[in-house]
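Note that the protein sequences, when read in sequence, are chains A and B. Counting from 0, one number per residue, gives the positions in the first sequence under numbering that gives the first Met the number 0. Counting from 0, one number per residue, gives the positions in the second sequence under numbering that gives the first Met the number 0.
Hint data in this document are derived by calculation from the structure and do not stem from the laboratory. Hints may contain errors.
30 Å max Cα-Cα, derived DSSO-like pairs, lysine-lysine [unchecked claim]: (1) B/K483 to A/K410; (2) B/K486 to A/K76; (3) A/K197 to B/K403; (4) A/K366 to B/K8; (5) A/K209 to B/K28; (6) B/K300 to B/K590; (7) B/K667 to A/K197; (8) A/K51 to B/K401; (9) B/K403 to A/K51; (10) A/K209 to B/K300; (11) B/K401 to A/K190; (12) B/K61 to A/K380; (13) B/K483 to A/K76; (14) B/K625 to A/K209; (15) B/K28 to A/K386; (16) A/K209 to A/K190; (17) B/K742 to A/K190; (18) B/K625 to B/K667; (19) A/K190 to B/K590; (20) B/K486 to A/K313; (21) A/K254 to A/K209; (22) A/K51 to A/K197; (23) B/K625 to B/K401; (24) A/K386 to B/K131; (25) B/K487 to A/K209; (26) B/K131 to A/K374; (27) A/K197 to B/K698; (28) B/K61 to A/K386; (29) A/K313 to A/K240.
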Amino acid sequence: MKSNCDKPLTERMRADGSVVDLQAYERAGGYQAIRKVLRSGMTPMAVAEEVKQSNLRGRGGAGFQTGVKWSFVPRGKDVPNPTYLVVNGDEMEPGTFKDRVLMERDPHQLIEGAMVAGFAIEADIAYIFLRGEYTLAGERLARAIAEAYERHYLGKNIFGSGYSLELYLHLSGGRYICGDETGLLNALEGKRANPRSKPPFPPSVGLFGKPTVVNNVETLCCVPHIINRGATWFQGLGRTKDGGTKLFGVSGKVKHPGLWELPMGTTVREILEEHAGGMRDGVKFRGLLPGGASTDFIVEEHLDLAMDFASLGKAGSRMGTGTMIVLDDHTCPVGMTWNLTHFFARESCGFCTPCWSGLGWADRILKAMEEGRGKPGDLEKLEFQTKMWAPGHTFCALAPGAAEPVQSALKHFREDFDRHIREHRCPWS
Amino acid sequence: MAIVYVDHKPCEMNPEENLLHGCLSHGFKLPYFCWHPALGSVGACRQCAVKQFRDENDSHGKIVMSCMTPAADGTRISIADPEVVAFRAGIIEGLMLNHPHDCPVCDEGGECHLQDMTVMTGHDYRRYEFEKRTFRNQNLGPLVNHEMNRCIQCYRCVRYYRDYAGGNDLNAFALRDRVFFGRAEDGVLENEFSGNLVEICPTGVFTDKTLKQHYARKWDQQFAPSVCVHCALGCNTDAGERYGTLRRMVNRYNHEVNGYFLCDRGRFGYEFVNDERRFRQPLLKGHTASAASARHYLDEKIAQGRVIGIGSPRASLEANFSLRTLVGPDHFYSGMADHEVKLIRLMIEILRRGPMRTPTLREIEESDAVFILGEDLTNIAPRMALSVRQSVRQQPMEAVEKLKIPLWLDFGVRDAMQDAKGPLYIATPHGTRLDDVATATFHAAPDDLARLGFAVAHALDSNAPAVPQAEECPLTNEIAGALKAAKKPLVICGPSCSSEAVIQAAANVAMAAHAALSFTAPECNSVGAALMGGNPLSAAFRAVRDGYADTVIILENDLYRRAPHAEVDSVLKAAPHVIALDHLPNPTTEKAELLLPAGTFAESDGTFISSEGRAQRFFQVCTPEKEVLASWRWLKPNHWQNLDDVLRAMADELPQLAAISDAAPSSKFRIAGAKIPRSPHRESGRTAALVHINISEPKPPEDPDSALSFSMEGTPDQPPAALIPFFWSPSWNSIQSVNTYQKEVGGPLRGGDACVRLFEPSPRNGQAYFSAIPASFQPRESEWLLVPMYHIFGSEELSLQAPAIRELAVIPHVAINSDEFAEGMEVEVTLSDGTFRFPVRIHREMPAGIAAVSVGSSPLLAVQLPGWGKIARAK
């Protein structure tokens, strides 16, 4: 196997966007990781340990160590069964489209990742919880799962190893909150997608009350490569201490919006200027959300920061999903903030007060401001609300996420907000 | 106990609980919404936030929800920290954004938890300037009113209704700030405990629709502690009155009995008290008469002798005893059918001998394996069904505890527990509402139910008699195993199958399993009336027919509910003089020569003994026209001045009832020299109440019978549990003020719950196993065994006179499993006592050969059943 591979997640993908089917996937070395795991007599703990050594951190946005998460699953004879693996494919973060590409173009990579992860946590059943609007990914995953079952890669006694795993594809009814791992579990159980209290955490009380691990699509796609090439190799892919590669995306008024697999720790500037080609002619950069809608704006002075889990903290932001949304000088920052807040207000599950009440209020204040009806004192009200949405003040991470673009926009683009109020209009309209 | 520092003050808290629970128990004014002592914590409203500090050197701290944080030893928190005070203000501001601020026209106004918490938090200025969201409200039936615009999305309603009470027609719909709590479409709330929404809802979304018909503010109502008259469980209530009409019933917390919840029959059955047909004056030979002439007539008849008295299981012990005293013990007859008395005495005897303990409703809730034999609890003893519904959580909760999830963390517990349920076995003639949480059910004729019981007892203890052909009893070993493995097993039975064998079988099981044994009883004072004794009713009938009695005094009893129509007709026709005491016209009062207007529970004081064997006092709340008197006042000898005298005489005469004097403090009881006010404080005072009639303030009515006053004047202190007329304390105007009456929130009331239990056998006691095992049921070719079927709405006499309950009453019908008949088909049921017409409802779960017939509102009586009869399509 090539050891100089630097784009393990995307190297098999076809330029025309067509799917890598089972044959093509296997020709390119697919399903070797699961064979290695099942045939070499690796124990589940050994697989989990290898992933832990690789320092793979969750690609859904929170960056929790995957191997550590797996180690929380109770093992042994007396544990409740079945154990579940749930693949979080409910990619609904505005501006984020990385998992979609992975699932549409190379679905077997995810299936193999789920199998290895399933073995590592001794799962009996795995679900892929897929965003309802991802119909193409749904079709391709369904076909890939069928192919895998045909070859007996899934089901009972895989590769004669005695390990069995059933894999199901579940299409979401479609709400942002289903992307929260416990909201997802409730949705999968057929309940309201309100997040759950933590503790208990899913590894002890998860789907249908049983031990469950929820992993992001991109996270699981990394797993077969770690098994094939080793933890050290994976670590070495990153430029900073967070190992591996990362799918980075850029949207907004740049020359070449898109998605690239790059080393973890690539700087924002490199992604923006070398890969996305810089700003379109005639528009100027003002700021960007580094990792989806629920991250704080960063501005020019932060562009040399590395995209990894730690560095962006220096700018008061975080990497999130690693897919940036760029704000330019032809776009109203208040309008953009309103757009995001409107989304979060709409997607609030309605459970805890700061979220359902405060987001709705902020949505209306921003709308009024954008429409020229802003009033002195509005910004103070918005600032107060963002404090109400702080982590720990709310039940889940939705409102803290929603606070990030608002609080940072108020910090970096304060004058633009003030102008809206002063001039009773949107200067961009 | 854990020491938790609250704003530097060390406080002892229960480490098994959360900080909110601990803070409230210490009397801290910490506002909250979504938490409820019976429902646990979910962390939705975020109102109870406090600042938590790592240690004494941490000055920064972090905001946590007190309801979601364990009261661990050494925890340091602040309620007064400015940042958390501002946070709580922000929460209440958020909750109030869409609230319509319609307190002046809201029924909750003045007793609203949202009002209290808003004031407590200090929120008084509205900064929100946008349109409020509005909803279309639903018609939820005659009991509960719906006004969704007031909703603050605390989720208590659905958590109570679905998770606690097992309802499934109320739900949370939609998202964000537009969550709608209601039904998929307009319609009557299906759950039998829907009325608790009124008290669970912290604001005016769910309010009492019957109160709305004759609304008065809490501060304008006068209250008295009462005991529910609509079944034998003896749930504690507070009755609210204004201007002589009873306005509503609210739950009176009793830790051991009803806790926080009532059934809908108990909460909404009260309106019979206000019925326009109520007797307000004596009627002599069909004409209104003065009290003096009525009394004169009564005295005259007593003087003439040859008087017999028939008591009543729905009248107080005091009323029954006064009648017994008036006519003499030899001429006092039970007001229940002979067979019924026999069954109730059998139950009493079993409980007295022991060693099986009769559990309180709270203990039923804590049972971890339950076997119900013969009783359709939801329809016979509804509140007990709610307790049994909680009991199935006990065993799964042990598993949850092993996962180190605190039991107060409600969603955590439910996520872990999922659909797991502890053992509940239900053996009844037909399906019941509790079947949805049962481990297994068995539907059979009473004899087969008894055989199952005997078989289970034998499986548990080989000394218990074996059942011949026991292989016909399914589930025997499974039930025995579940009871044996349980820490707190419970057997529930009662007289509803009219079968001694079923009761004896239940006693055998309880003895063999070392289980608690709970019996239901038919009426609010069935057990008290049975303990009082008296000759059999059939003997009274004989005495009249044989000409030994000239005058029959019938106490609060419609004899047509006790014996077949023709029989009662002939007795009442044969009696030269019939004197009846009652509240409302019924076929018996129609036959009375003299009718004395008897006070209902709302116009009387008295004592009932519940099916648990608990003696409980109820107190007068209405002060009606002077002709309406408690039955015991009509009947008592002159030298008894007040209730205390009746109780003293009863204790002397009937030692088995001596303890009931202690059911509540006597009329002499005072707190610092003052009586206990029935009315809450109000700013405007009481003088304006009757000003349109007379400007000079009338003297408040005297109450010679109790330590309660008909006034807002009296002690400001908390009265003993039996004398709590309403729950109120400074800053806590809503029913949530119960918190401040408990030593530990959710626990017993301060000073102890009202408690006189008459059956407390020593655990060392014993009794022999019953051995009269019936043969198995044999269906007949052309006949059906008819068994009684009870309905929560429709089978109880008094609540059926309340319009809201009458609207919901089940149409009497025959439940049957037969291809011969179709759903809705009219049939004629022929027994030895006559032919009765009913519609048919097909019950596929029922066994062959038996049919269940509605009793209570149909002409066919429970006492005539079980009996063999023919069923044929009506011509």
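ask   = Is the Cα-Cα distance between A/K209 and B/K300 30 Å or less?
value = violated (76 Å)
task = Measure nothing beyond the straight line between the CA atoms of A/K209 and A/K190; if it is 30 Å or shorter, mark the hint as holding.
result = holds (16 Å)
ask   = Has the given pair, B/K486 with A/K313, been kept, meaning a C-alpha gap of at most 30 Å?
value = Outside the cut-off at roughly 58 Å; violated.
Hinted pair B/K401 and A/K190, Cα distance within 30 Å = Roughly 25 Å between the alpha carbons, so the hint for B/K401 and A/K190 holds.
key: Proposed proximity, B/K590 with A/K190 (alpha carbon, max 30 Å)   = violated (60 Å)
message = Holds or violated: B/K667 and A/K197, Cα atoms, limit 30 Å.
response = violated (55 Å)
inquiry  = Next pair to validate is B/K61 with A/K380; report whether the Cα-Cα distance is within 30 Å.
reply    = holds (22 Å)
ask   = Between A/K386 and B/K131, is the straight-line Cα distance small enough, at 30 Å or below?
value = Given that 30 Å is the threshold and the Cα spacing comes to 23 Å, the pair holds.
key: Agreement of B/K300 and B/K590 with the hint, judged by alpha carbon distance not exceeding 30 Å   = Given pair B/K300, B/K590 holds - Cα atoms ~17 Å apart, limit 30 Å.
query = Within 30 Å, alpha carbon to alpha carbon, are A/K51 and B/K401?
reply = holds (28 Å)
query = Holds or violated: B/K487 with A/K209, Cα cutoff 30 Å?
reply = holds (27 Å)
Agreement of A/K254 and A/K209 with the hint, judged by alpha carbon distance not exceeding 30 Å = violated (48 Å)
Hints 1, 4, 5, 7, 10, 14, 17, 19, 20, 21, 23 and 27 from the list above are not met by this structure, while the remaining hints are.
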